[in-house]
Amino acid sequence: MLQDIQILNEKETRGGFGEGILEAGRRNPQVVALTADLAGSLKLNAFIKEFPDRFIQCGIAEANMIGVAAGLTIGGKIPYTTTFANFSTSRVYDQIRQSVAYSGKNVKICASHAGLTLGEDGATHQILEDIGMMKMLPGMTVIVPCDFNQTKAATIAIADYDGPVYLRFGRPKWPNFTAENQTFEIGKAQILAEGTDVTIIACGHMVWTSVEAAKALAAEGISVELINMHTIKPLDEAAVIKSLCKTGCVVTAEEHQINGGLGDSIANVASRNCPVPHEFVAVHDSFGESGTPMQLLQKYGLTKENVIAAAKRAIIRKKA
Amino acid sequence: MELQGLKDMASQVRRDIVRMVHGCQSGHPGGSLGCTDFLVALYCKVMKHNPSSFSMEGKNEDLFFLSNGHISPVFYSVLARSGYFPVKELASFRQLNARLQGHPTTHEGLPGVRIASGSLGQGLSVACGAALAKKMNGDNFTVFSLHGDGEMQEGQNWEAILFAAHHKIDNLIATVDVNGQQIDGATKTVMNIEPLKDKFLSFGWDVIEMDGNNMVAVVNTLENAKNNHLRKGKPVCILMKTEMGKGIDFMEGTHEWHGIAPNDAQLALALNQQKETLGDY
Chain A
0 MLQDIQILNE
10 KETRGGFGEG
20 ILEAGRRNPQ
30 VVALTADLAG
40 SLKLNAFIKE
50 FPDRFIQCGI
60 AEANMIGVAA
70 GLTIGGKIPY
80 TTTFANFSTS
90 RVYDQIRQSV
100 AYSGKNVKIC
110 ASHAGLTLGE
120 DGATHQILED
130 IGMMKMLPGM
140 TVIVPCDFNQ
150 TKAATIAIAD
160 YDGPVYLRFG
170 RPKWPNFTAE
180 NQTFEIGKAQ
190 ILAEGTDVTI
200 IACGHMVWTS
210 VEAAKALAAE
220 GISVELINMH
230 TIKPLDEAAV
240 IKSLCKTGCV
250 VTAEEHQING
260 GLGDSIANVA
270 SRNCPVPHEF
280 VAVHDSFGES
290 GTPMQLLQKY
300 GLTKENVIAA
310 AKRAIIRKKA
Chain B
0 MELQGLKDMA
10 SQVRRDIVRM
20 VHGCQSGHPG
30 GSLGCTDFLV
40 ALYCKVMKHN
50 PSSFSMEGKN
60 EDLFFLSNGH
70 ISPVFYSVLA
80 RSGYFPVKEL
90 ASFRQLNARL
100 QGHPTTHEGL
110 PGVRIASGSL
120 GQGLSVACGA
130 ALAKKMNGDN
140 FTVFSLHGDG
150 EMQEGQNWEA
160 ILFAAHHKID
170 NLIATVDVNG
180 QQIDGATKTV
190 MNIEPLKDKF
200 LSFGWDVIEM
210 DGNNMVAVVN
220 TLENAKNNHL
230 RKGKPVCILM
240 KTEMGKGIDF
250 MEGTHEWHGI
260 APNDAQLALA
270 LNQQKETLGD
280 Y
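Those sequence lines, one after another, are chains A and B. So the first sequence is numbered by numbering that gives the first Met the number 0: it starts at 0 and just counts up by one. So the second sequence is numbered by numbering that gives the first Met the number 0: it starts at 0 and just counts up by one.
Do not rely on the hints blindly, as some may be mistaken.
[Stated by the list, open to error] Distance condition first, Cα-Cα at most 20 Å in a straight line; then the derived SDA-like pairs of lysine to any residue: (1) B:Lys167 / A:Phe54; (2) B:Lys134 / A:Asp52; (3) B:Lys233 / A:Gly58; (4) B:Lys134 / B:Met55; (5) B:Lys87 / B:Glu275; (6) B:Lys134 / A:Gly75; (7) B:Lys134 / B:Glu275; (8) B:Lys134 / A:Pro51; (9) B:Lys134 / A:Asn272; (10) B:Lys58 / A:Arg53.
[Unchecked claim] Here are some of the chain B residues that sit facing chain A, going by a computed Cβ distance under 8 Å: (11) Ser51; (12) Met55; (13) Gly57; (14) Asn59; (15) His106; (16) Pro110; (17) Gly111; (18) Ile114; (19) Gly117; (20) Ser118; (21) Cys127; (22) Phe162; (23) Ile192.
It should be emphasised that the hints constitute simulated quantities derived from the structure, not laboratory data. Just so you know, even glycine gets a beta-carbon here, dropped at the ideal spot from N, CA and C.
Based on the provided sequences and hints, a complete structural model is requested.
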């Protein structure tokens, strides 16, 4: 139930990654961690302390890190590569394409500081195209968990999945509201609330924003079906179709370009199965800039108010 | 395999290369012919490997990674004639639905291939990772890799060269095919990469030089590298001087045959120069 969703605390999703890889390392001796000079930012310190021989520092050389990870899988290792999302994807796209995806290697590409909420460092570091790039690669699984607890659970779960994974998370402290010690199921949409007037599908930080929007809409008598689509690929198409058939309109919300992201994936499913009015809360074909995370979310239209307005537009279009 | 056997194998592999490239009228014969002696020596003499029971992990065997994937004809021929897959499958090179793709891939499940290559400059990083995994697993076997000299222009190589020395990956022998040629001409005019020896030495590698088209020299150098240079705290580089197109006179010493196929008359000329020793596919 929507009203039961409450903030437990505020924590960085990357911190969930740090706890998750430590736990994954404890459960499976084949898990190894690589970084390109960002061990601290990716919260690897506890893993390094407990498993110093399973940590590989690659220096500021991301292309090599991806190749080394691919090679490690040949010896049965489960390598987690870690750096910022920009350097995890666009900088090394061909290395991922050939040495990891086309070669079918069991590499976990773990990417922090994704999106606008990286903040003051500005557009060079605020990648907003990564979901699109990664989901286009055949065989690549793309996961965008919504909070600390879910990032931890996803980090643990991907060790048990044999294949390449892109795991995207972020920098700032953010509301942590999903269950501690939850089981993460790759490819299974999380229905946070059932409703009948409009479906809101979100990923990453925008899930909490959508929770707040859904609560505000409920207060106005609008019934929202809220879906946390933590796995962009493989997409839980059945859950999307079922919800869109029921509500008849949809809003997607993501910290990503409108082109290539979650919204595109949902529109694809909808157009083939159940075309409905669709409103997009996303960055509209623009680079980011310096600012605080909250200033940037406001300027680029990724707030609770934006989600609420989008939901109302979708409902009006449905009724038209 | 003894010396005459290796020479006979090399002759047959050279026939396979020109026939494969002729068969589909595409592919890269020049570098393939230049590296034939090296790959024959490696697979038929130097490496300890298990062709009849290929496993991706390759535990307790030597591994080889081809980084300059465009010389797939020589790689496929040597793999087939070592027993990884039927020799007759060489006829499917670059054909639709074939396992023998234009550039090597794991995607079609061809035994003997452990990584896709073709987009240049990625193989040394992969070889470093595989060698590191062997160290972590307590597996005392060796990782070999092959790279083009033109390929050394790719920046990722230098990241990997730094990495291998820093992490003391001393179970790795990376060979560079120094044929001095690339698509647009001589390497020294396209983008000079010399002095390669000084570069590798300054990055902290052990460097050996070798004549790559003299079978005795290739076998002796590879065995010496494997037996006397490994596990001393440094990765090992072999700078292998070869002639592009070696063994087919009209293809030798020019970059013109980097990536084109012989016509029927040229094929006949070529096959006259390399004896059929083990039976054509």
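Okay, the hints, checked on the actual structure:
{"no.": "1", "hint": "B:Lys167 / A:Phe54", "in the structure": "holds (15 Å)"}
{"no.": "2", "hint": "B:Lys134 / A:Asp52", "in the structure": "holds (11 Å)"}
{"no.": "3", "hint": "B:Lys233 / A:Gly58", "in the structure": "holds (18 Å)"}
{"no.": "4", "hint": "B:Lys134 / B:Met55", "in the structure": "holds (17 Å)"}
{"no.": "5", "hint": "B:Lys87 / B:Glu275", "in the structure": "holds (15 Å)"}
{"no.": "6", "hint": "B:Lys134 / A:Gly75", "in the structure": "holds (12 Å)"}
{"no.": "7", "hint": "B:Lys134 / B:Glu275", "in the structure": "violated (42 Å)"}
{"no.": "8", "hint": "B:Lys134 / A:Pro51", "in the structure": "holds (15 Å)"}
{"no.": "9", "hint": "B:Lys134 / A:Asn272", "in the structure": "violated (52 Å)"}
{"no.": "10", "hint": "B:Lys58 / A:Arg53", "in the structure": "holds (19 Å)"}
{"no.": "11", "hint": "Ser51", "in the structure": "violated (19 Å)"}
{"no.": "12", "hint": "Met55", "in the structure": "holds (6 Å)"}
{"no.": "13", "hint": "Gly57", "in the structure": "holds (7 Å)"}
{"no.": "14", "hint": "Asn59", "in the structure": "violated (11 Å)"}
{"no.": "15", "hint": "His106", "in the structure": "holds (6 Å)"}
{"no.": "16", "hint": "Pro110", "in the structure": "violated (14 Å)"}
{"no.": "17", "hint": "Gly111", "in the structure": "violated (13 Å)"}
{"no.": "18", "hint": "Ile114", "in the structure": "holds (5 Å)"}
{"no.": "19", "hint": "Gly117", "in the structure": "holds (7 Å)"}
{"no.": "20", "hint": "Ser118", "in the structure": "holds (5 Å)"}
{"no.": "21", "hint": "Cys127", "in the structure": "holds (5 Å)"}
{"no.": "22", "hint": "Phe162", "in the structure": "holds (5 Å)"}
{"no.": "23", "hint": "Ile192", "in the structure": "violated (18 Å)"}
The structure does not agree with the numbered hints 7, 9, 11, 14, 16, 17, 23 stated previously, though it agrees with the rest.
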